[in-house]
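Participant: Single-letter residue listing:
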Amino acid sequence: MKVQRCKGMRDLTPGEMAAFRLVEGICRDCCSRWGYQEVRTPTIEYLYLFTSAGTLTPGRLGKVYSFLDWDGWSGERVVLRPDGTIPVARLYIENLEDRGLARLFYATNIFIFEEEGEKTRERWQCGAELIGAGSAMADTELIALSLEVLKTLGLKGVELRLSHAGLIKTLLEKLGLSPEEQHRLFDQILDGDAEALNRINQKKPELENTLLPLLGMKGQSPGFLKNQRALLAQSMPEIGPYLDDFLQTVALLETLGLSYQIDIASGADFEYYTGMIFQLFIGGEKIGGGGRYDALISSMGGGDVPASGFALYLDRLMNLVKPEVFVKTVPERVLVRVKDAGAMKEAFEVADGLRKAGYIAELDLGEQEPDAFRWVIEVKGEAVPLSLWDGVSSRRVEVPAITEVLKLLEGEGGDKDSPA
Amino acid sequence: MAIKIALPKGRLLRKTAALLQKADWGLDEYHSNMGFYRPKSQKFPEILIRVFHEKDIPVQIAMGNYDLGICCLDWIEELLSKYPSSDLVKVKELLYGEGVLYMAATSPLAELLQNRSLVRIASEYPNLAERFALKNRLSRFSVFPLWGAAEVYPPENADIALLSAKAGADLDSYNMAPVSRVLDFSAFLIANRRSWESKNLGNVVTSICDMLPKNGEKGHSKERVIQPRTLMSHFMKETGRNMVRLALPDGHQQQPTIDLLNKAGIEMNDYPSDTGNRRPKINIEGVSVKVIRPQDMPLQVANGNFDLAVTGRDWLAEHLNQFPSSPVKELLDLGFGRVRLVAVVSRELAVDDTNGLRQYIDESGEPLRVASEYVNIADRYARDNHLGHYRVIPTWGATEAFLPEDADLLVENTETGRTLARHNLKIIDTLFESTACLIGGTGRVNSVKGKRVKYIIEKLRTAVQGA
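Quick note, the sequences are listed as chains A and B, same order.
My numbering puts the first sequence at residues 1 to 420.
My numbering puts the second sequence at residues 1001 to 1467.
Treat each hint with caution, since some may be false.
[What the hints assert, rightly or not] Below, a list of computed lysine-lysine pairs in the BS3-like style, where the Cα atoms sit at most 25 angstroms apart: (1) 7/A to 286/A; (2) 1135/B to 169/A; (3) 119/A to 1022/B; (4) 1214/B to 1043/B; (5) 63/A to 1082/B; (6) 1015/B to 1214/B; (7) 63/A to 1214/B; (8) 1135/B to 1022/B; (9) 1043/B to 1082/B; (10) 1082/B to 7/A; (11) 322/A to 339/A; (12) 156/A to 339/A; (13) 1329/B to 1426/B; (14) 1281/B to 1090/B; (15) 1022/B to 1082/B; (16) 1281/B to 1015/B; (17) 156/A to 63/A; (18) 63/A to 1043/B.
Think of the hints as simulated: they come from the structure by calculation, not from any bench.
Treat the numbers as computed from the prediction; the structure is a model and nothing was measured.
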């Protein structure tokens, strides 16, 4: 009987894993350099962490892996982590709230029950959360950090789309819908339902001239927002603070010379956003996004703490990264072959010496294909105990000691890790 | 390949039988007193017909054991709400068996949500109940899955109950009112997706659909959902902190239970009840009684909804297999209702023990289908005996009829073994013996209540020992 992996789950083979680790490593390095500290939350959380209004949209809640665990006699369900941000917010409340400002990052898997066979149900993401700061500078820091990661990965053609949750909500209030309908429409927009606005359009034609163009507005400069502000100052004064908030972030991005697109009705999947929302695309594919969620921590029983964050989708990034970006970083592999059974100890020592010098040393178990290795060392345990075979020049050199081997490898420009 | 069709017992039986009669199927044994579950049709002698508990039918269709089935939309949606990618096609609404699923309560929902951080939902439809809770953004909720009698849980043991009724007015008799109309349902003809795509089911489907009223109007009238006033507040008063809450079984364990209670000098008023009263009176002060399904009792006791309950050791074991840390335990063996839990295969299978079963699995190359009412005991049994790749099929009674076509192994209870023998089955293993028992929580209770609990246990112990 052939045992297969679960539907919707993915294996990462050695080649894929190398790409994964590279992307994850660059995320980690960048976040660390900006002062973010790594955290890890459990795979299983209580369902109710995610069910309160203002956390996950119904579309996402309908796809959680929820079940009764061994303590499930209380009828309370647990879930496989469906989102990265909410558990980190919980971790902050439980462990770090006295700190005030916290810069945290994580690399984790999240689980979403997708029905279509193509989509994977376990996804990896690397995210950063900036908790305790509520300024345009904080928003800009996150955007700049996420762009830096993508740049370091050598990715080109990154598109940054901006929106503002407060703005969307205020505009929806103006559509004259019941609170329930507003809520539903907001969720639909966040779930990425581009048609949601058009359906309203048909129902209330009198709104066509004023509000809907606003929700559909797109632009590429602070001037655009200022124009909108001038236009709306009279008719919709309540929208002023949100536009001002948005303007500040946009102006800062402008100062830093970062290009962006304003697209108010762009979806973002999460109901917890309260302010600026940003999304990152390459070639039309979404590769990450984030935003401000100032109400989340207080709604979960924590203090009134502003926060924002982002997540980058590792599964998608690892497919986009060009192989040459990470090929160089892999050290040279050397095969260590024992010629004489009595030389076993020496063989282990030679391999150890190679590893300490930063090479990958594999012991020949008789199964390896020597062609996959440029260098093969034979350990003979005789007067001249070692012989080094160079697969490129097809030359064999007899060497007395490991130090000589290292010199020879060095001279040939063998790539290695810098020794610890 | 022959067409296989699953027909319902229970609430849909009479009207389904009438429909097929009208369609001239000429079924030989499809009525409420049937002993076997495999009727034959004169019109379609080649098709295989099996009669199931209605709740089993969507599962059987989705698994592909049957090509076509008839059951109500409530059970279809219960499956699809948790497993939306099930291989099940809704072919045709059959315009009978109408009902409504209501979320019902004894007080308005807003009031409930205000006063509680945790909303307790009791239902035979746990998946639909969860979907309701998520859709209505109940932030924290518990779903108590039930075998039945959901109407008796609110207000003490649950805040709301998801249950079926003909109309909202029917809930009056339970002193409840609807807070939400969750689903309008009626009988449906359903098909397995692959069968529907690949098999010719035309003749059978046509013969059924031709019998339906031409411009069939659905019987559902739109009624307004009226929020309940705060009803039956005296129930609340009854549940003081010193009150001992005792759960007694419905169904066939009622007679031996009342016999034992009487022997212990405990008198009941209206138990067993002719009118379906589930709140009989007892002659001990400070004790209130509810009549619920024995299957549901361990979970209820674990959650502190009852202090004492008369159930079977099989159901306690089933609960503890699923939730090993659950705070519920056996207090007293009541001695009656003796059954054995056994592993059963068809007599036609050359398997006599678990060794033979493992060998059979190795040779067949297909996953072993284990059918049981005791899903968690069956799962544990399959795990402990290394039955390899297996699937547990939950059933709701009459499991013995699943062999040999629809399952390979049963985990079943048997009193004498006669029913099993009549169905051409053989026992290959005995898991354990079960009798009725008194169960209670493992936590501490206050001293007044503790004394009352002890009084009841001692009375029953004396009666059992004198038996």
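Participant: Are the hints correct? Go through all of them and say.
Facilitator: Going through the hints against the structure:
1. 7/A to 286/A: Given pair residue 7/A, residue 286/A holds - Cα atoms ~24 angstroms apart, limit 25 angstroms.
2. 1135/B to 169/A: Holds. Residue 1135/B to residue 169/A sits at ~20 angstroms (cutoff 25 angstroms).
3. 119/A to 1022/B: violated, 47 angstroms
4. 1214/B to 1043/B: holds, 23 angstroms
5. 63/A to 1082/B: Roughly 10 angstroms between the alpha carbons, so the hint for residue 63/A and residue 1082/B holds.
6. 1015/B to 1214/B: Measuring from Cα to Cα gives roughly 17 angstroms; hence the hint holds.
7. 63/A to 1214/B: violated, 39 angstroms
8. 1135/B to 1022/B: violated, 42 angstroms
9. 1043/B to 1082/B: violated, 37 angstroms
10. 1082/B to 7/A: holds, 16 angstroms
11. 322/A to 339/A: Roughly 40 angstroms between the alpha carbons, so the hint for residue 322/A and residue 339/A is violated.
12. 156/A to 339/A: Roughly 50 angstroms between the alpha carbons, so the hint for residue 156/A and residue 339/A is violated.
13. 1329/B to 1426/B: violated, 32 angstroms
14. 1281/B to 1090/B: violated, 46 angstroms
15. 1022/B to 1082/B: Roughly 36 angstroms between the alpha carbons, so the hint for residue 1022/B and residue 1082/B is violated.
16. 1281/B to 1015/B: Violated, at roughly 38 angstroms.
17. 156/A to 63/A: At roughly 33 angstroms apart (the allowed maximum being 25 angstroms), residue 63/A and residue 156/A break the hint.
18. 63/A to 1043/B: Roughly 45 angstroms separates the two Cα atoms, so the pair is violated.
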